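Chemist: The primary structure of each chain is shown beneath.
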Amino acid sequence: MSTTTEAPPKKKLSPRRRAQRIRWAQYALLAVVVLVIALVADWGQIQRTFFRTDLIKNTLTEGVGTALKNTVVYTAGAFVIGLVLGTVLALMRLSSVAPYRWIATVWIEFFRGLPAIIVFIAFGLLPLAFEGLVIPYDPYGTVWIALGLVASAYMAETIRAGIQAVPPGQVEAARSLGMPSGTATRKIVLPQAFRVITPPLTNELILLVKDSSLVYVLGLSATGYELTKYGRQLSSDNVNLTPLVVAGFCYLIITLPLSIIVRRMEARQKKER
Amino acid sequence: MTTSATRTAAPVVEVTDLHKSFGANHVLRGLDATIHQGEVVCVIGPSGSGKSTFLRCINLLEEPTSGSIKVGGDEVTDPDCDIDAIRRNMGMVFQQFNLFPHLSVLSNCTVAQTTVLKRSKEEAEAKARENLEKVGLSDKADAYPAQLSGGQQQRVAIARALSMDPKLMLFDEPTSALDPELVGDVLSVMRRLATEGMTMFVVTHEMAFAREVADRVIFMDGGNIVEEGAPSQVIGEPKEERTRVFLQRVLDPTHVDPGAEDTAYAKRHEAESTADNFVKPMDTHGHYGGGAGLG
Chain A
1 MSTTTEAPPK KKLSPRRRAQ RIRWAQYALL AVVVLVIALV ADWGQIQRTF FRTDLIKNTL
61 TEGVGTALKN TVVYTAGAFV IGLVLGTVLA LMRLSSVAPY RWIATVWIEF FRGLPAIIVF
121 IAFGLLPLAF EGLVIPYDPY GTVWIALGLV ASAYMAETIR AGIQAVPPGQ VEAARSLGMP
181 SGTATRKIVL PQAFRVITPP LTNELILLVK DSSLVYVLGL SATGYELTKY GRQLSSDNVN
241 LTPLVVAGFC YLIITLPLSI IVRRMEARQK KER
Chain B
1 MTTSATRTAA PVVEVTDLHK SFGANHVLRG LDATIHQGEV VCVIGPSGSG KSTFLRCINL
61 LEEPTSGSIK VGGDEVTDPD CDIDAIRRNM GMVFQQFNLF PHLSVLSNCT VAQTTVLKRS
121 KEEAEAKARE NLEKVGLSDK ADAYPAQLSG GQQQRVAIAR ALSMDPKLML FDEPTSALDP
181 ELVGDVLSVM RRLATEGMTM FVVTHEMAFA REVADRVIFM DGGNIVEEGA PSQVIGEPKE
241 ERTRVFLQRV LDPTHVDPGA EDTAYAKRHE AESTADNFVK PMDTHGHYGG GAGLG
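Taken in order, these protein sequences are the chains called A and B.
Residues in the first sequence are numbered consecutively from 1, following UniProt numbering.
Residues in the second sequence are numbered consecutively from 1, following UniProt numbering.
Just so you know, the hints here were simulated from the structure itself, not pulled from any lab data.
You may find that some hints are simply not true.
Stated by the list, open to error - Simulated DEER-style distance windows between Cβ atoms: (1) B/GLU181 / A/GLU266: 53 to 63 Å; (2) B/THR114 / A/PHE110: 53 to 63 Å; (3) B/ASP80 / A/VAL84: 28 to 38 Å; (4) B/THR114 / A/GLU131: 45 to 55 Å; (5) B/ASP78 / A/VAL84: 42 to 52 Å; (6) B/ASN224 / A/ARG264: 53 to 63 Å; (7) A/VAL97 / B/SER232: 50 to 60 Å.
From a predicted model like this one, the values you see are computed outputs, not experimental measurements.
In this text, a Cβ means the ideal position worked out from N, Cα and C, and glycines have one as well.
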């Protein structure tokens with residue numbers, strides 16, 4: 001005790017002071033990096049490569065509307081198929097009939113384990129393999145089914161988790177009121193399950209929006225182009241990346257609002273709990 | 001509360017030699033009981049004694065391992081029996097309320113009426129409001145369960161069950177999950193129900209309620225019915241040693257029984273309650289598959 005008062009040792013920084021210095025260092029590092037990039041980058045070149053105004057205009061007027069619409073239609077159809085099929089698969093996985101569980105499990109593991117692009121390539125080749133096979137609403141039908149199959153596997157797992165998150169007491173209460181099993185599932189379990197899984201399902205939707213870009217392997221005609229294919233085509237025609245950048249921003253127009261909605265829903269659920 | 005004349009009334013429930021095992025855990029070891037029309041029967045006993053399982057067997061939320069349960073003359077364990085039809089006549093109130101959180105209070109009381117009894121929306125809502133009035137919550141019809149206190153939720157659960165016009169009400173520890181100051185409201189609703197002549201089967205820890213309202217008290221321990229009779233006798237002057245020990249612990253918890261922890265009673269009680277906990281997840285899982293599957 002007495003030694004410290006006689007000869008105070010070199011003063012150590014208090015934890016708070018130290019944290020403050022580290023924070024300043026972080027700001028300084030950021031400033032340096034930004035400064036270096038601003039000085040080194042060739043802004044004219046960047047603008048000419050990624051943001052050429054005449055090409056932006058071209059891309060927007062030539063048919064970005066159709067491409068955007070196609071992306072939305074491809075995604076929406078696949079989402080509906082995925083949702084319906086996913087719900088059936090989720091109920092099958094929870095079925096008391098063992099073979100249903102096996103079938104659902106194999107299906108889910110198969111389509112989750114496979115790269116989505118392989119499913120698309122396979123669907124592109126189907127009409128060649130089976131002569132006379134016509135998938136209705138071409139090209140939409142093909143895309144919906146291919147993307148829907150992939151989506152169903154992911155959604156089934158999400159929906160299953162949602163169903164299992166509903167307390168068993170809910171089923172007991174419904175059954176003890178005399179509801180048959182099916183009614184209890186439809187009126188009591190599924191509504192609660194879907195409320196829990198709306199945020200993760202919306203995330204699936206965002207993933208689907210992006211996965212819809214894989215349809216390029218189907219060899220579509222120009223009217224079937226979605227955003228990626230459209231942007232890529234224009235980019236290679238003009239040997240410039242601007243159309244692709246525009247297409248990229250179009251994806252953000254779709255996905256950013258969805259992300260915001262998900263965040264809102266999650267915040268609200270947290271509050272309700 | 002009711003006169004001895006009710007004893008001669010038709011039996012609503014007849015249980016004979018009921019056994020229930022969860023795996024190796026023999027929870028119910030041969031129960032015989034009868035519930036008559038208009039009678040209030042309270043089941044008391046230490047936790048893990050099987051009293052909740054007993055109650056849950058009556059509406060087949062638990063499948064008995066062996067034995068017979070007749071409800072209104074129908075054998076519920078018979079695979080040909082329409083259990084949904086029997087459950088319609090039997091209200092159930094759970095310890096954890098189990099209200100449907102996605103539905104308003106009113107819809108909680110109408111959903112089974114419209115889907116199961118095929119009542120019109122107007123008829124169902126009128127019935128629901130009548131019963132909400134009865135439990136003193138007519139002003140909460142548009143609220144959601146999460147906005148209510150535990151006591152209010154439990155009263156809604158009672159109104160929900162009553163809206164099906166049941167002939168018998170089962171109560172599975174209806175006040176055990178409530179804050180002490182909220183217990184009274186629920187018990188007074190139940191007391192009123194009893195005076196109106198409802199047939200009630202109540203698993204409870206509320207000795208004062210059992211003593212006051214019950215026509216008959218059943219004391220269970222270790223999966224057996226140890227003692228049965230009028231509340232004044234079973235609670236007031238128990239014949240069996242096990243009943244006495246239990247009542248002493250419940251009615252005078254501060255009383256220290258020298259060497260109580262070493263008695264066979266305490267040991268078995270402990271073993272059973274841990275075994276019970278162990279079994280529960282498997283049980284609920286099994287239930288779940290049956291409830292939500294495609295079949």
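Chemist: Give a verdict on every hint.
Modeler: Hint-by-hint comparison with the structure:
1. Under the hint 53 to 63 Å, the C-beta atoms of B/GLU181 and A/GLU266, about 35 Å apart, miss the expected range.
2. Taking 53 to 63 Å as the suggested C-beta distance range, the pair B/THR114 and A/PHE110 does not conform, at roughly 41 Å.
3. Take B/ASP80 and A/VAL84: their Cβ atoms lie about 35 Å apart, and the range 28 to 38 Å holds.
4. The hinted window of 45 to 55 Å between B/THR114 and A/GLU131 holds, with their beta carbons roughly 53 Å apart.
5. The hint said 42 to 52 Å for the Cβ distance between B/ASP78 and A/VAL84, and at roughly 37 Å that hint is violated.
6. Between B/ASN224 and A/ARG264 the Cβ separation comes to about 56 Å, which falls inside the hinted range of 53 to 63 Å.
7. Distance hint check: the CB atoms of A/VAL97 and B/SER232 are about 53 Å apart, consistent with the given range 50 to 60 Å.
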